[in-house]
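With these hints in hand, go ahead and build the complete structure from the sequences.
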Amino acid sequence: MPEIVELNVGGVHYTTTLNTLLQDKSTLLHELFAGPEGRDTLAKDSKGRYFLDRDGVLFRYILDFLRDKALQLPEGFRERQRLQREAEHFKLTAMLDCIRGDRDARPPGCITIGYRGSFQFGKDGLADVKFRKLSRILVCGRVAQCREVFGDTLNESRDPDHGGPDRYTSRFFLKHCFIEQAFDNLHDHGYRMAGSCGSGTAGSAAEPKPGVDTEENRWNHYNEFVFIRD
Amino acid sequence: MPEIVELNVGGVHYTTTLNTLLQDKSTLLHELFAGPEGRDTLAKDSKGRYFLDRDGVLFRYILDFLRDKALQLPEGFRERQRLQREAEHFKLTAMLDCIRGDRDARPPGCITIGYRGSFQFGKDGLADVKFRKLSRILVCGRVAQCREVFGDTLNESRDPDHGGPDRYTSRFFLKHCFIEQAFDNLHDHGYRMAGSCGSGTAGSAAEPKPGVDTEENRWNHYNEFVFIRD
Amino acid sequence: MPEIVELNVGGVHYTTTLNTLLQDKSTLLHELFAGPEGRDTLAKDSKGRYFLDRDGVLFRYILDFLRDKALQLPEGFRERQRLQREAEHFKLTAMLDCIRGDRDARPPGCITIGYRGSFQFGKDGLADVKFRKLSRILVCGRVAQCREVFGDTLNESRDPDHGGPDRYTSRFFLKHCFIEQAFDNLHDHGYRMAGSCGSGTAGSAAEPKPGVDTEENRWNHYNEFVFIRD
Amino acid sequence: MPEIVELNVGGVHYTTTLNTLLQDKSTLLHELFAGPEGRDTLAKDSKGRYFLDRDGVLFRYILDFLRDKALQLPEGFRERQRLQREAEHFKLTAMLDCIRGDRDARPPGCITIGYRGSFQFGKDGLADVKFRKLSRILVCGRVAQCREVFGDTLNESRDPDHGGPDRYTSRFFLKHCFIEQAFDNLHDHGYRMAGSCGSGTAGSAAEPKPGVDTEENRWNHYNEFVFIRD
Amino acid sequence: MPEIVELNVGGVHYTTTLNTLLQDKSTLLHELFAGPEGRDTLAKDSKGRYFLDRDGVLFRYILDFLRDKALQLPEGFRERQRLQREAEHFKLTAMLDCIRGDRDARPPGCITIGYRGSFQFGKDGLADVKFRKLSRILVCGRVAQCREVFGDTLNESRDPDHGGPDRYTSRFFLKHCFIEQAFDNLHDHGYRMAGSCGSGTAGSAAEPKPGVDTEENRWNHYNEFVFIRD
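Protein chains in written order, with the working numbering: chain A, 1 to 230; chain B, 1 to 230; chain C, 1 to 230; chain D, 1 to 230; chain E, 1 to 230.
For the record, the hints were derived by calculation from the structure and aren't laboratory data.
On a predicted model such as this, the values are computed, not experimentally measured, just so you know.
Hints are supplied without guarantee of correctness; some may be wrong.
A pair holds if it fits inside one copy or across any two, identical chains being indistinguishable in the list.
[Unchecked claim] EDC-like, lysine to aspartate or glutamate: derived pairs with alpha carbons at most 20 Å apart: (1) 47 - 3; (2) 69 - 88; (3) 47 - 152; (4) 25 - 37; (5) 91 - 68; (6) 133 - 159; (7) 44 - 3; (8) 25 - 40; (9) 25 - 188; (10) 209 - 24; (11) 175 - 215; (12) 25 - 97.
Written out as structure tokens, the structure reads:
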């Protein structure tokens with residue numbers, strides 16, 4: 001058996017080493033290539049390459065996994081389920097664990113960020129807005145996912161039921177008031193913004209309470225941002 | 001006839017086994033490769049590969065289907081209609097059923113989720129928002145698709161006509177008040193958010209009715225999210 | 001001349017039949033491959049393949065068209081203009097007609113859907129919203145495209161000028177009140193939602209007119225959805 | 001020197017004619033292939049193909065340019081900068097001019113479309129909306145780009161400074177009131193909608209002025225659409 | 001050792017020069033190809049090509065880097081992490097620096113642009129809107145990223161703490177009032193718009209202050225745009 005092995009996987013040609021193919025003892029590739037009994041069951045194509053009757057394109061990732069012992073798929077990889085089928089066929093349990101673990105560690109789902117905001121006005125009124133003023137950033141979604149994304153910055157004190165992490169809650173909020181930091185946290189954890197909507201408040205027939213800044217009151221709005229992880 | 005068959009499909013080379021090609025008796029491939037009569041009608045290219053005058057790229061999925069007897073296309077696959085044409089050519093009715101069944105089981109369409117919400121304020125007023133408060137999550141769309149996505153969480157009691165599943169309704173709502181759960185349900189069923197819009201309410205010349213929290217009333221808003229499945 | 005023809009199109013190798021190449025008498029391929037005069041002008045590469053000095057990748061669709069006599073491009077195909085150039089080079093007028101006809105039949109453009117909506121409240125007030133209430137779905141865009149998408153469900157009675165189909169109108173509305181049905185119609189015709197925005201209404205200093213439900217009045221909103229076909 | 005030339009560009013094989021390679025006298029390809037002095041500096045691969053130590057994939061577009069003397073890239077082509085590097089290497093100034101000219105003629109940038117709208121109500125009030133009513137479509141962005149997109153339909157009369165085309169303005173509006181026509185113009189010029197947002201107006205403590213339709217006044221809203229060209 | 005080297009990288013064939021492979025002395029490729037000791041450790045495939053047991057597809061960018069000594073990846077390249085692994089394997093520190101530097105120079109993150117706007121009305125009232133009127137464009141996000149994008153056009157005077165560039169701020173605004181210029185700046189720096197939302201203001205029970213234009217006041221709105229760089 002030569003050290004360099006030429007493979008024909010469903011018509012796509014790969015070249016690798018025997019060492020790479022034998023890297024994991026539990027796999028079908030080890031069964032096939034470890035000894036003469038296995039190799040004898042392998043057919044060869046007309047150029048003498050060992051033949052595997054599987055999808056040729058996806059074998060690229062099977063081989064990469066064997067070389068590096070780690071799963072590193074392209075961003076936005078779209079053949080995850082097809083790849084899983086290939087890993088199952090080759091009994092590559094370490095790779096299957098990675099594919100599934102990747103999904104378990106980063107389960108798909110949705111988190112909503114909402115904030116009630118207005119503006120701090122200076123003494124010169126409207127033209128002199130000092131800055132954006134947020135009273136609180138609300139976080140809604142599945143408990144476990146909110147915790148994964150926001151960690152220590154998550155305030156759970158309003159959530160009466162410190163129950164199962166699989167339930168949904170709309171009672172979390174953040175300890176800080178920077179929505180951009182919240183967005184960055186979500187982005188770092190693989191969420192993308194899927195939608196956003198805003199609404200103002202209604203005026204009131206009643207006079208505002210004493211001490212409430214009328215102008216600030218008028219500008220109250222609620223902006224809501226939906227994030228999804230595929 | 002060798003066990004390993006080299007194919008030239010429109011210029012793209014595939015390698016597979018005779019077994020795979022004969023896997024389904026009703027197909028054109030079975031007709032062509034099962035016996036000498038069929039094989040004699042097959043031309044060969046200059047390297048002796050059996051030649052099929054069809055699209056070379058799509059044959060990848062034809063072969064995958066024959067190997068696994070299951071349809072597993074890449075996420076976001078964009079040549080479904082072209083693939084259907086190939087499956088028709090090869091008389092691969094099992095695969096055609098899968099392509100069509102896939103579409104029937106997950107028909108394209110649109111579902112709208114809307115909610116009327118406000119905030120529960122604590123006794124310290126504006127700065128002390130307790131949590132988001134939703135009165136009800138409305139679900140609009142085709143009856144069958146709404147049922148498929150929301151199952152038992154769908155409340156149909158307001159929908160007077162328990163008629164045909166193909167009609168549209170705007171009278172469904174959910175039994176729970178977590179929009180994130182609704183979004184997750186939609187996402188799990190292959191819908192993606194296509195748009196979102198929000199609006200506040202108008203103030204009223206009349207005094208609010210006794211017992212209504214003025215502040216909560218001012219923050220009433222309606223947010224609407226449109227989901228589409230391609 | 002063998003029945004199976006091996007082609008080298010700009011370095012990409014295709015295999016097809018003479019029959020396929022001669023399928024359409026008006027084409028350059030027929031000129032080249034029908035008789036010895038044409039074939040003698042054709043150069044061959046070092047492996048004896050007939051050589052065509054054109055883009056190798058796009059020839060896939062030229063060949064598919066000759067095989068099936070129908071144009072079936074991938075969804076979201078992004079080389080339409082490049083393909084048109086190739087079809088022109090090969091004098092494949094039937095294919096050119098398809099490419100252009102495809103564009104004429106489904107011209108790119110934009111349609112806006114807007115609706116004025118509120119909610120039907122039950123006797124228990126806010127908490128007892130019965131359902132979404134739409135007064136009318138407005139359709140704006142080019143007359144011909146609106147008709148193509150909405151057909152019989154389009155009400156043109158408010159449009160005073162039943163003039164040319166190329167003019168724009170903002171006076172169409174639908175005969176039904178299901179925006180999801182409108183979205184489905186648009187989606188079926190190749191439009192995708194590009195944007196969405198909502199707005200509420202202003203309160204009024206005047207008392208609402210007798211018989212108008214105050215709460216329903218407050219929740220009036222206008223949601224607008226822009227659809228584009230590329 | 002044979003008329004048909006087989007090339008190995010960084011490992012990707014192309015076949016073309018000597019004629020195509022010599023099409024432009026100022027290029028490195030002409031230097032290399034025009035006479036024996038150039039050709040002698042060219043290495044050959046083991047199969048006798050002329051070898052060029054450059055990116056093999058991008059050479060497809062270099063060759064297409066030489067064949068057609070025109071630049072036609074796929075829609076959404078994402079290797080423009082990489083291609084420019086290749087054109088520079090091959091001293092293909094005509095192609096470089098096209099790549100740069102393409103960018104100069106269609107510079108990236110953003111245009112915002114906003115409109116203030118309401119509805120024309122019939123005599124039966126709310127349920128009898130006649131049509132969408134726009135008072136004016138505002139156009140904001142860089143002067144030159146607004147002019148390129150909207151041409152004669154652009155009204156510049158409110159823009160006091162008819163100065164440099166590189167400055168930004170928010171004082172343009174359109175001569176017509178069809179936002180769909182504006183969207184179509186933008187779409188035709190390669191812009192896509194990147195965002196959209198709407199807002200209603202506030203009620204007023206004062207009674208509306210005589211002659212103002214109260215209902216129409218309440219429905220006033222401002223919708224804004226941001227378009228970007230990459 | 002011939003000047004032209006044929007490589008088999010995991011089954012994908014590349015052709016390059018010895019010169020290109022030896023371009024950087026610190027790399028594994030230099031170790032392997034510089035002298036006979038290294039070359040003797042290299043296996044060859046059945047066609048005599050030097051064999052490297054690594055991903056064949058990504059080697060395209062490794063080779064491009066060696067040829068041009070510069071990193072130029074396709075726009076929207078999605079295998080950056082996989083490429084980094086390859087660069088690490090080949091000890092191509094110059095390339096690793098580029099990949100990392102590229103990320104450090106353009107760190108992912110989010111910037112929010114908000115503006116409070118209304119319209120300048122002419123003496124003929126509503127129908128005679130002069131132009132959009134923005135009082136101030138607010139910029140929120142991480143200090144360093146805001147500075148990178150907006151440079152001299154950023155006004156930091158309201159930000160009391162001229163502290164670390166890693167903190168978030170919501171107190172920056174722009175020195176000009178053209179949101180399109182802000183969008184262009186963001187777009188030029190690789191940010192894309194991820195969401196947008198608008199809200200109007202509430203009416204007030206009090207009469208507007210003398211000198212305030214009532215109509216302009218009613219149209220006040222806050223539009224917010226979220227930009228993300230991946």
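Which of the listed hints are not met by the structure? 3, 9, 10, 11
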